[in-house]
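So the protein sequences, as listed, match chains A and B. Numbered by this note's numbering, the letters in the first sequence go through residues 1 to 355 in order. Numbered by this note's numbering, the letters in the second sequence go through residues 1 to 355 in order.
Treat the hints with care, since some could be wrong.
[Stated by the list, open to error] Output of the computed footprint for chain A on chain B, the stretches with three or more beta carbons under 8 Å from beta carbons of chain A:
id, segment
1, 33-43
2, 85-93
3, 103-115
4, 152-158
5, 257-263
Simulated from the structure, these hints should not be mistaken for lab results. Think of the CB as a built atom: it goes at the ideal place given N, C-alpha and C, for glycine as much as any other residue.
Protein chains: 2
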Amino acid sequence: MNNNLSSLRVRDIGEQGLLERLQRFCPPDIIGDDAAVLETLPNQSLIVTTDMLVDGVHFSDLTTSPEDAGWRAAAANLSDLAAMGATPVGITVGLGLPGDVTVSWVERLYQGMTECLSKYHVPIVGGDIVRSPIITLAITAFGQANPNFIIRRAIAQVGDAILITGIHGASRAGLELLLNPSIGQNLKTEAKAALITAHQRPNPRLDVLPILWEILESQSKIVRLSEVEVPNLKSKITVAGMDSSDGLADAVLQICRASQVGAVIESSKIPLPSAFEEWLTPEKSLEYALYGGEDFELVLCLPPEPALALVQKLGTGAAIIGTITPGSNVILHQEKAEIPDQVLNLSQGFQHFAQ
Amino acid sequence: MNNNLSSLRVRDIGEQGLLERLQRFCPPDIIGDDAAVLETLPNQSLIVTTDMLVDGVHFSDLTTSPEDAGWRAAAANLSDLAAMGATPVGITVGLGLPGDVTVSWVERLYQGMTECLSKYHVPIVGGDIVRSPIITLAITAFGQANPNFIIRRAIAQVGDAILITGIHGASRAGLELLLNPSIGQNLKTEAKAALITAHQRPNPRLDVLPILWEILESQSKIVRLSEVEVPNLKSKITVAGMDSSDGLADAVLQICRASQVGAVIESSKIPLPSAFEEWLTPEKSLEYALYGGEDFELVLCLPPEPALALVQKLGTGAAIIGTITPGSNVILHQEKAEIPDQVLNLSQGFQHFAQ
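Please build the complete structure, drawing on both the sequences and the hints.
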């Protein structure tokens, strides 16, 4: 009998024993039926997204604590909901575990997940724990959205401003600092910590949604029929978008491809972490910002007027970085005349300026 | 370059290539955003269930074709929704795959899943395909239910009839026939095939729900307030229940434990596959029926009058097998006086009659 709690393994208590221990991470009224019952608002669309994460492929104890792996998995799914304009309702967690994983590891994973989820009042509403030769985490998140306000990739329009809700490149820089602790010696301790936190604890931008809806509501023109105000019949402002989890360049390219439009991005307008200035070349900074990925900001395309209002409300980090154009090219425009514009594309990735 | 299509492997076309091939199994309007958008009926509760299945633990090429593994995975999740009284809206599929799995294997898995799903008009609305050392399938199914008609485990009442929607034991018998082809020599070919099909292609009993609701509607007494009929205010008939995926005995025991009641089951009332008579001892038949599992029928507890009406409507296989009683014992009553009653419990499993 092993009395050391931290070395208690999953096989010692079985799936049922583990489920009982993990119930404290779930609302008590959820448990005990074949499925969970959730109340949603009437006349909302159901929004669903799913992710599967495998040990050694998507996370690893070598670079990520179980708490951070849990936080990141939850954050990525909530970010997908935010990217659709959806408010989360709950997530389910499927977990495949080898018998020799410690119970403490699993509890730390759930701790990280629920730390992220509780910030947004999202419950874990269901789950399944099974035996598996490799740690596997399957998350499905579902939310609700007003059908008139769903953010989609394919609805960007020529003339739309391209807005990002925060700085880019921080997550990638944080990863580099974790992988190579010897770099970034000239960075201040707090600056380094902030970049690492950006990588380990990304925040899904669900906070943007109510601000966005308020602006759209106030800027939509109310349609009058025979002098009668019809509040639900407005000239609709559509918002295209997605999150920048696979990189800012990827997000703009995906939106343009889905919407059959082009774009011009002003490289000088992309907000970067302030620490980059004293640490990275402008070239490297731009590479991290465009292709680093996992910043989990929203990339939104909407008319300039509400876009400006949104940037003002969001404050630091939010910016309009370009415009949707006719055609299909996504052009990165450099402020300095001596650097030529470049056409971005999905397959080539970043082309260094040096020729 | 390998031109033999059936030997094309996942690593040859990558996750993106595989996703493109699997899109034909999904509705075309679902694809392309960070999450899927689904329309639900207003004023319905959202019902969610999730399952994770691992190669070698929950399915195996040795005993199950990929089509059957897909069918069974889909059926198990739809059965969980049926057990809650929910109509399915869609499922998501997370798939972890080693690079050497053939593309054909994956397509056959999806073929089996969609064969089952299409019977009930359920779309695959989202998914994720990732690299993994072991084939892993994570399904989340969600449905909608009238909040007044949700079937739960914890609401069985003393005096309720215990109803099962079909025969039990067939799935376990089918599995035995698959594992030991030498047994059941005296069974007719069709009888053998029917038992094997019961195991390989179980049907979630979603068909029961509209019949049940119709009976409840017609038998609920309309409440009159000051001579005015209030259609939504009826004396409510509650239905407790779950599915029998983990065995009939397990289902009755789980319901009784959750509802803090007991039950008496009449062993002679449990409908068995007709082939059992010529093949198995009464003892073995009852063991398969009570503890075999995976019959995916519904076990419902409701007042005798609507229960009788439901059995009549469902026809062959459906039966009232017992009654909910005060106390906490679940007693299996044997028709033959010489065999003593036995108290069933979750931990001991089936006790053979021989003493």
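Status of the hints after comparison with the structure:
Residues of the segment 33-43 of chain B with a Cβ under 8 Å from some Cβ of chain A number 10, which satisfies the need for three, so the listed coverage holds. Note: the segment 85-93 of chain B has 5 residues with beta-carbon separation from chain A under 8 Å; the three-residue rule is met and the coverage holds. For the segment 103-115 of chain B, the proposed coverage by chain A is not satisfied: 0 residues have a C-beta within less than 8 Å of a C-beta in that chain, short of the threshold of three. Beta-carbon proximity to chain A at under 8 Å applies to 3 residues in the segment 152-158 of chain B; the threshold of 3 is reached and the given coverage holds.
Counting residues of the segment 257-263 of chain B whose beta-carbon sits less than 8 Å from any beta-carbon of chain A gives 1, not enough to reach three: the coverage restraint is violated.
The structure is inconsistent with the numbered hints 3 and 5, although it conforms to all the rest.
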